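**Student:** As a plain string of letters, each chain reads:
There are 2 protein chains.
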Amino acid sequence: MTSKHVSVRSSMTADEVLDFLRRAATQGGDAYYLYALDESGRLEGTLGLRTLVVAESSSLVRDIMQRDVIHVHTGTDREEIGRLMAAHGFQALPVVDSDGRLVGTITPDAVMSLAEEEATEDIQKLGGLEALDAPYDRTTFWPMIRKRGGWLSALFLGETLTATAMGRYEAEIARAVVLALFVPLVISSGGNSGSQAASLVIRALALNELRLRDWLRVLRREVSSGLALGTALGAIGFARIVIWHSLGVSDYGEHALSLAATIAISLVGIVSFGTLAGSMLPFLLLRFGFDPATSSTPFIATLVDVTGLIIYFQVASVVLRGTLL
Amino acid sequence: MTSKHVSVRSSMTADEVLDFLRRAATQGGDAYYLYALDESGRLEGTLGLRTLVVAESSSLVRDIMQRDVIHVHTGTDREEIGRLMAAHGFQALPVVDSDGRLVGTITPDAVMSLAEEEATEDIQKLGGLEALDAPYDRTTFWPMIRKRGGWLSALFLGETLTATAMGRYEAEIARAVVLALFVPLVISSGGNSGSQAASLVIRALALNELRLRDWLRVLRREVSSGLALGTALGAIGFARIVIWHSLGVSDYGEHALSLAATIAISLVGIVSFGTLAGSMLPFLLLRFGFDPATSSTPFIATLVDVTGLIIYFQVASVVLRGTLL
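Line order of the protein sequences matches chains Z and V.
Basically my numbering = 1-based index in the first sequence + 20.
Basically my numbering = 1-based index in the second sequence + 20.
No wet-lab data here; the hints were simulated from the structure.
If you're wondering where the values come from, they're calculated on a predicted model, not measured in any experiment.
There could be a bad hint or two in this list.
[Unchecked claim] What follows is a set of in silico ranges between Cβ atoms, one per label pair, in the way DEER data are often shown: (1) V/98 <-> Z/99: 16 to 22 Å; (2) Z/60 <-> V/154: 32 to 38 Å; (3) V/259 <-> Z/103: 36 to 42 Å; (4) Z/268 <-> V/173: 20 to 26 Å.
[Unchecked claim] Just a few of them, taken from the derived set where beta-carbon distance is under 10 Å, the chain Z residues facing chain V: (5) 135; (6) 138; (7) 182; (8) 211; (9) 224; (10) 233; (11) 236; (12) 260; (13) 262.
The beta carbon of each residue, even a glycine, is placed where N, CA and C say it ideally should be.
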């Protein structure tokens, strides 16, 4: 909220207001801008109505106008326009073509609608569906099913790789069924941590808080984050199994401690991998000209699930060799 | 982009521009608004600078001002303000307190920043973490770990229920290890479809395209969507198992067809449940005064995973009784 407005009493006359305006003119502030053009329509300057009203009658516009007008080009992107508007507190910005000719103005509300549409698209893509391009209520049944079904089927086909991956460990599962019980738990942690990292990076890229060149810095940071988060979850997982087993809530057999160690070590690996995949995939998509938001939460979960299974069963085959396996 | 701007040549004099303005005044359009107040500071009307300039000198403001000013209250929410601005093409709106006294104006850029912050918060919550309140780069390591670790741990604890649920079917898994191979595949479909539905509903609620009272209409619609999507995935799943088995890529034993039927039927149930849970949870949260965006993708996945396991093993115990089980 701002207090940059001019108030007059309803009992004042127009003359008094004009007088008041003349006296207040030196205070500056935002006003109604006139644009000054040269003979070929190129933008040369702006002129506040206030400046105009207080000027000598015989003054030329070019002598009283403000040069170096903050303006945008027909190709300027939405974030850049938003930043310019925010930085200069302007009401509307003039738009010029490649020859510098004024072609119109862009208002904050136009930028606002555009920003809202872009956020909606990103949120829908992050949710793992094609952007709807229309409000929920105005999208009819079959187009909606297509927008959702396409991605859902693609993700499903990707996820069938988990069945293939688990098939390779069928013998291990047969020998130690207890291993299967923790599959959803350990792999979902990879998806969740990946989803967090991806949302952060995608939004930061959309707002230009991060750029493509920042990927290495983000990578370094997310390696530490992944290890810290993985260690925390690993500790919780270890405690959960040991406590449940000690209390007799669940019976994980004589090798409960090795099992707990398997889960804990796997979690460190899976959460670290999830965090890394979630934070780097948006950069990778951007690098190859795709929308970073395409690296949706479901997409990352699918990717991370397969890797998670492999990490889990590989850790198990090392830790549990000679005991459970 | 709009062409509502006034252009003057830089070779014109101030007098000519003022003359031009006087002649153009009847065209209306957006201008620089003055607010008219009564003796106690209450907003009574607005006065365009153009109206003022063209009025008789002796006119009273109250006689020439525009009454019924579009204004907002100190408590009006961001979406409502955005809608008002967009609907009326205003540059800024006056803000009044509960007594109708003018306390300031709100500009489109203020609303724009607010909208951007809200979208960022929603995206981060949807990604399954606490909103950061600051750009990624300006959030230091430990606060970041806390914002992510808190939710990640909560989700992990929730997800331990999958181990409990699977524990109840340990005997079935021991008898038919092949059942375990499809666990990640079938439960992830519930999470994915729930994530799609939740993103759609959360964004529509944020933009006021949907209101709390619309829940029943959405429920009806999402039941159909869930069934349609579940049937589609079920068909793909059925085909995948039968084809892989026939081609000898995987060997699902003599009961491959019953297994395929189990997967297909489970998928219809799980995708329908996921879609329903994803679309209704945001309404439920809103109803009890929470932010709908809290029903993050990871949160819904966790919720749906446990139910998905139960649906899958229950379907299996019926379809495969007497054969695999």
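**Student:** Taking 10 Å as the limit, does the beta-carbon of residue 135 of chain Z come near enough to a beta-carbon in chain V?
**Tutor:** Since the shortest Cβ distance to chain V is 6 Å, the answer is holds.
**Student:** Is 36 to 42 Å right for how far apart the beta carbons of residue 259 of chain V and residue 103 of chain Z are?
**Tutor:** The hint (36 to 42 Å, Cβ to Cβ) is violated, given that residue 259 of chain V and residue 103 of chain Z are roughly 50 Å apart.
**Student:** Interface hint check: residue 262 of chain Z, Cβ to nearest Cβ on chain V, cutoff 10 Å. Holds or violated?
**Tutor:** 13 Å, violated
**Student:** So, residue 211 of chain Z near chain V? Judge it on the closest CB pair being under 10 Å.
**Tutor:** Holds, because the Cβ-Cβ distance from residue 211 of chain Z to chain V comes to roughly 7 Å (cut-off 10 Å).
**Student:** May I ask you to test the interface hint for residue 138 of chain Z with respect to chain V, counting a Cβ-Cβ separation under 10 Å as satisfied?
**Tutor:** 9 Å, holds
**Student:** For the hint on residue 224 of chain Z, just tell me whether its beta-carbon gets within less than 10 Å of chain V.
**Tutor:** 4 Å, holds
**Student:** Determine whether the Cβ-Cβ distance between residue 60 of chain Z and residue 154 of chain V falls within the hinted range of 32 to 38 Å.
**Tutor:** 47 Å, violated
**Student:** Hold the hint about residue 182 of chain Z up to the distance rule: shortest CB distance to chain V must be less than 10 Å.
**Tutor:** Holds - the Cβ of residue 182 of chain Z comes within 10 Å of chain V, reaching about 4 Å at its closest.
**Student:** Hint says 16 to 22 Å; check whether the CB-CB distance for residue 98 of chain V and residue 99 of chain Z agrees.
**Tutor:** For residue 98 of chain V and residue 99 of chain Z the Cβ distance comes to about 19 Å; the hint holds.
**Student:** Could you check if residue 260 of chain Z really has its C-beta closer than 10 Å to a C-beta on chain V?
**Tutor:** Hint holds; residue 260 of chain Z Cβ to chain V Cβ min 6 Å, cut 10 Å.
**Student:** Hint residue 236 of chain Z vs chain V: min CB-CB distance below 10 Å?
**Tutor:** Check failed: Cβ of residue 236 of chain Z comes no nearer than 14 Å to chain V, outside 10 Å.
**Student:** Is the shortest C-beta separation between residue 233 of chain Z and chain V less than 10 Å?
**Tutor:** 13 Å, violated
When each numbered hint is compared with the structure, violations occur for hints 2, 3, 10, 11, 13.
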